[in-house]
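Novice: Each chain, written out:
2 protein chains.
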Amino acid sequence: METSTVGTLVSPELQSLIREKKWSELKEALADLHPADVADVLIEVPDEDDAAIFRLLPSEMASAVFSYLPRDHQQGLIHTLSHDQMRGLLAGMTPDDQVRLLDELPGKVTRKIIDSLSPDELPAARELLGYPVGTAGRYMTPQYVRIKPEMTAREALQHIRKFGQGKETLSVVYIVDKDGRLVEDVKLGSLVLADDETLVKDIQDSPLVSVKATDARDDVIATFQKYDRNALPVTDKDGKMMGIITADDVLDAAQRRATEDIQKIGGSEALDAPYLDVDFWQMCKKRGGWLAALFLGETLTATAMGHFEHEIEKAAVVALFVPLIISSGGNSGSQATSIIIRSLALREMGLNAWFKVLGKELVSGLALGTFLGFVGFCRILLWYFLGWHLYDGHPYLMGFTVWASLIGVVMFGSVVGSMLPFLLRKIGFDPATASAPFVATLVDVTGLIIYFTVAMLILRGTLL
Amino acid sequence: METSTVGTLVSPELQSLIREKKWSELKEALADLHPADVADVLIEVPDEDDAAIFRLLPSEMASAVFSYLPRDHQQGLIHTLSHDQMRGLLAGMTPDDQVRLLDELPGKVTRKIIDSLSPDELPAARELLGYPVGTAGRYMTPQYVRIKPEMTAREALQHIRKFGQGKETLSVVYIVDKDGRLVEDVKLGSLVLADDETLVKDIQDSPLVSVKATDARDDVIATFQKYDRNALPVTDKDGKMMGIITADDVLDAAQRRATEDIQKIGGSEALDAPYLDVDFWQMCKKRGGWLAALFLGETLTATAMGHFEHEIEKAAVVALFVPLIISSGGNSGSQATSIIIRSLALREMGLNAWFKVLGKELVSGLALGTFLGFVGFCRILLWYFLGWHLYDGHPYLMGFTVWASLIGVVMFGSVVGSMLPFLLRKIGFDPATASAPFVATLVDVTGLIIYFTVAMLILRGTLL
Chain V
1 METSTVGTLV SPELQSLIRE KKWSELKEAL ADLHPADVAD VLIEVPDEDD AAIFRLLPSE
61 MASAVFSYLP RDHQQGLIHT LSHDQMRGLL AGMTPDDQVR LLDELPGKVT RKIIDSLSPD
121 ELPAARELLG YPVGTAGRYM TPQYVRIKPE MTAREALQHI RKFGQGKETL SVVYIVDKDG
181 RLVEDVKLGS LVLADDETLV KDIQDSPLVS VKATDARDDV IATFQKYDRN ALPVTDKDGK
241 MMGIITADDV LDAAQRRATE DIQKIGGSEA LDAPYLDVDF WQMCKKRGGW LAALFLGETL
301 TATAMGHFEH EIEKAAVVAL FVPLIISSGG NSGSQATSII IRSLALREMG LNAWFKVLGK
361 ELVSGLALGT FLGFVGFCRI LLWYFLGWHL YDGHPYLMGF TVWASLIGVV MFGSVVGSML
421 PFLLRKIGFD PATASAPFVA TLVDVTGLII YFTVAMLILR GTLL
Chain S
1001 METSTVGTLV SPELQSLIRE KKWSELKEAL ADLHPADVAD VLIEVPDEDD AAIFRLLPSE
1061 MASAVFSYLP RDHQQGLIHT LSHDQMRGLL AGMTPDDQVR LLDELPGKVT RKIIDSLSPD
1121 ELPAARELLG YPVGTAGRYM TPQYVRIKPE MTAREALQHI RKFGQGKETL SVVYIVDKDG
1181 RLVEDVKLGS LVLADDETLV KDIQDSPLVS VKATDARDDV IATFQKYDRN ALPVTDKDGK
1241 MMGIITADDV LDAAQRRATE DIQKIGGSEA LDAPYLDVDF WQMCKKRGGW LAALFLGETL
1301 TATAMGHFEH EIEKAAVVAL FVPLIISSGG NSGSQATSII IRSLALREMG LNAWFKVLGK
1361 ELVSGLALGT FLGFVGFCRI LLWYFLGWHL YDGHPYLMGF TVWASLIGVV MFGSVVGSML
1421 PFLLRKIGFD PATASAPFVA TLVDVTGLII YFTVAMLILR GTLL
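Protein chains in written order, with the numbering used here: chain V, 1 to 464; chain S, 1001 to 1464.
Keep in mind that the hints were calculated from the coordinates and are not lab data. Built from N, CA and C at the ideal position, the CB exists for glycine as well. Please note: incorrect hints may appear among the correct ones.
Listed below are the simulated BS3-like cross-link pairs for lysine-lysine, each with C-alpha atoms no more than 27 Å apart in a straight line [to be verified]: (1) V/K314 - S/K1314; (2) V/K167 - S/K1201; (3) S/K1201 - V/K27; (4) V/K162 - V/K240.
Here are some of the chain S residues that sit facing chain V, going by a computed Cβ distance under 8 Å [as the list claims (entries may be wrong)]: (5) G1267; (6) M1305; (7) E1309; (8) F1321; (9) S1338; (10) N1352; (11) A1353; (12) L1358; (13) F1371.
Work out the full structure: start from the sequences and follow the hints.
Specialist: This is the structure we're talking about:
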């Protein structure tokens, strides 16, 4: 067998076999590769060869390779497959992979696929599809081995030999009582190490940890992280065994979750595909929507500044510090929102922590604002004493205006940035909607009002 | 045994046992819990009880519980332990957990720990410590089972029964030849299913995938994601078997990596601890540093605007659109940088993709800028025809100024935001240093210059 290491590319041999369309030799060469690497081959070669190469694969491998392909490739291939070929393809996929496929494809394609599911396959896929998107139920697979509490270790191993073929994971097996309730999980390793006659329920192993089918994705990820497992059993609310979730699916889910959050925090919609695979129109749609919404929000800054146009005409010097002050509020808000969004996603704290967070942010906002304000004050005095700017003869007043405004704006930014994710979660939205640019926009408008109000209070009768 | 589900808190029974200091009953109750839950108990109870409760734990469990504690709790406990207790504690930890502990604690504490390592334990920990931070070597554990290629399935299972006790994972075993080279990995499940006399090297299983000890953390995570494994073997450059990395450690690494990136993208340093555990001074340090640096960068906006003070005095209306225009550049830059940072971290593309990305960003920046500019143009005309603002009689010129500036600023933002992560990685920095606020600051200063330059070109002789 071939040894794959990180970053395998399509080897020159394979490339030449494909170019010269030597299908039978190619067939042999592909059979030795890992399905993920075959998928890479399909991604790299020109699209017109996709279907031809795909048909070369043994049916089991074809299913595995298909699971590894990006969505647009999957769609492209589906259209080239007959009903029977489609059925064969799905038969080789685990139910959780089937569900993921059905979830992600457009409705028309989904119907074609569901039609081709065999009567045996349909119930499992349908059952998984019954759980809301983003819950544990969607990620579980019913392909695990269950054993009875009164079996001995030897009997359990015999049972596994008999029924274990083709199950997604064997490294943990599950003790289920006659009512279908999950009693305990046992690592295959512990079974192998146990004395032949030990009852499986007496095998000492780490305590049972399970999740409910209705638990949210983030909770499942947090449970995996906390208990360091390769697989977790999923039960219904009565403790009946439903399926298992494996670590590889959790890693995928965690990575996808983080990617979505990062893209949202950056101020676009989640791309749902690797950057280079997103075409021009998709990219404009995913980014343009938020960009336009933020732009419209930001036009309020022009309105707000319009109200102070008279003051700007009197003392243009006041306008100079507008970007500095509002961006500092945006920056502190962006820090707060990204930290809180992640903390909520990792389940480090719950919604009830909002009051503690508010206190913390008020205090640190005050400290950071005071500090930045002091730096700003010094900068203005420095420019004045160096003779670079006269501030119409009132450097101290101008300095204090900037200082006081920064305290207000940074505190406001920290509070808005930290509270918005809580609020969004509370009303049922994704906290990551409180993106850095969104918070910055909110703070820009308010920051302007804070700044000009402070300026009018301090500078009235001198500059204004 | 207790069944834990998501979100277990310290039960009222345990709380009362602790309050009434019923140590022997508490000892029994704790022995039934998962170590991660015992760690939660230690986190929740008042600090003065920590050491007392910790000493109640059987030595094996103590080590496991210790691994689950946050860093500050670990440090607190270490100071209460004798040399012998410390040795016992470390003996129960796997080498990778030892290394993580040594990595994260301050030097003085580390020395105390290394002193207490037994001569047996020291080499493994030292070997792992020899690999740079953030490479596969730091995450591997030498606690796996190796078998010989010429063993039969039955012999291999006997071997596992004899040597498997206490290994971190048994679900995969590794075929290593007499030169120490890794030949193949075999799932324990496949071994159990195989006929007794089949040679282990003939067992059909998924192809071997391995990582090198010097591979970067991101590469290891990407490999796990690609190949859906529970454990991956680590080799040196000659293919000699060094250890294994387990999926739970990879999930932890992936989550930590994403958390760091999100915090950095938000514009602060990585917090290295849950939000609520970070004290006031730490929080100010992690956030204040960047906030001050960004503030100093942003003072350049005041300088830049100072150059155009004369223009602002002539036509204050020009100043009204400053926040709108520069923030749009910042927003598009923030989108681009967060998308690219994540894409690089996921290894969706390499450094050589920069040119493709540049082309994509130029085109989408142009499209998005044109679109936003059009919206801005319409907004100005609308205000004019509604009679809300007269734009000194030149609404069209003002509108075209905003439109043209937005095209320039949004393109500039997209390009800077997307190229900066590549540049940073190229010169050896973390791409996530190109935080959203950092990009926004860069774009603010340049955006001002773009805007006023365009304004002077278009409005010269009319408004300016």
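Novice: Each hint: holds or not?
Specialist: Here is what the structure says about each hint:
Between V/K314 and S/K1314 the alpha-carbon distance is near 11 Å, which keeps this suggested pair within the 27 Å criterion. The hinted pair formed by V/K167 and S/K1201 meets the criterion: a straight-line CA distance of about 22 Å does not exceed 27 Å. Distance check on the hinted pair: S/K1201 and V/K27 sit about 23 Å apart at the alpha-carbon level, within 27 Å; holds. Taking the CA atoms of V/K162 and V/K240, the gap is about 24 Å. The hint holds against a cut of 27 Å.
Nearest Cβ of chain V to the Cβ of S/G1267: about 5 Å, under the 8 Å cut. The hint holds. This hint holds: S/M1305 has a C-beta 4 Å from the nearest C-beta of chain V, less than the 8 Å allowed. Restraint check, S/E1309 versus chain V: the minimum CB separation of about 5 Å is within 8 Å; hint holds. Proximity of S/F1321 to chain V holds as hinted, the smallest CB-CB distance being about 6 Å (cut-off 8 Å).
Checking S/S1338 against chain V by beta carbon gives a least distance of about 3 Å; that is within 8 Å, so the hint holds. Look at S/N1352: its Cβ only gets to about 12 Å from chain V, farther than 8 Å, so that hint breaks. For S/A1353, the interface hint holds, the least distance from its beta-carbon to any beta-carbon of chain V being 7 Å, beneath 8 Å. Taking 8 Å as the C-beta contact cut-off toward chain V, the hint placing S/L1358 at the interface is violated, the least distance being around 12 Å.
The interface hint given for S/F1371 holds, since its Cβ lies 6 Å from the closest Cβ of chain V, which is under the 8 Å cut-off.
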